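Construct all of the structure, not just a fragment, from the sequences and the given hints.
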Amino acid sequence: MNKGERTKNYIIEQSSSLFNKNGYKSTSIAEIMTATGLKKGGIYNHFDNKDALARASFSHSLNTLKDKYIGVIRSKDTASEQFDAFIDVFSSLLHDNIVVGGCPLMNAAIEADDSNIDFEDSIKEGFSGLIKLIEGIIQKGKKQNEINNELDATQTAISILSSIEGSSRQWTMIEFKFLH
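Number 125 in numbering that gives the first Met the number 0 belongs to position 126 of the sequence shown; there are no gaps in the numbering.
For the record, the hints were derived by calculation from the structure and aren't laboratory data. All values reported here derive from a predicted model rather than from experimental measurement. Warning: the hint list may mix true and false statements.
[What the hints assert, rightly or not] Distance ranges between label pairs, derived from CB positions:
id	residue 1	residue 2	range
1	D117	L150	36 to 42 Å
2	K2	D113	23 to 29 Å
3	I157	S58	20 to 26 Å
For glycine and all other residues, C-beta sits at the position ideal for the given N, C-alpha and C.
Following this line, the structure appears as structure tokens:
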């Protein structure tokens, strides 16, 4: 990897936390400049605009999360263990242990709901990927007779993900309320 690629990756790594924590539209180039120690030209030398950097940063956060999920799930033998591992990874998002700012998918989806984000397609793909991951756990459970074969894997996966995402958002709101 050459110096330019290292610098670009560094910018993405530093800005992904800012974008995920503060929002894609709310994070300023000045904040990114402070976090990276680079001037505006140093950032725009690698990205056409802030939206391109935001997209790359979201992709980085999403890939970090996806790699963590896949790694822990592959390390488990049963569907029950895989669900426990999935929940552990998700829970760690609430404490900034994997990606600073919480679940990048939920954060971006909430922001995209009331503003124009350039990468809504990536958000949808991210949620679809998580649903497929949960479906895979369910299918494995069916094959290992841990889960009833009559269960609709897709609908159950959607319900599980919706419940987890919703409860995490509720927990965040309650936690925030009692902290201040």
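Hints versus structure:
no.	hint	result
1	D117 with L150: 36 to 42 Å	holds (37 Å)
2	K2 with D113: 23 to 29 Å	violated (39 Å)
3	I157 with S58: 20 to 26 Å	holds (23 Å)
Hint 2 from the list above is the single one not met by this structure.
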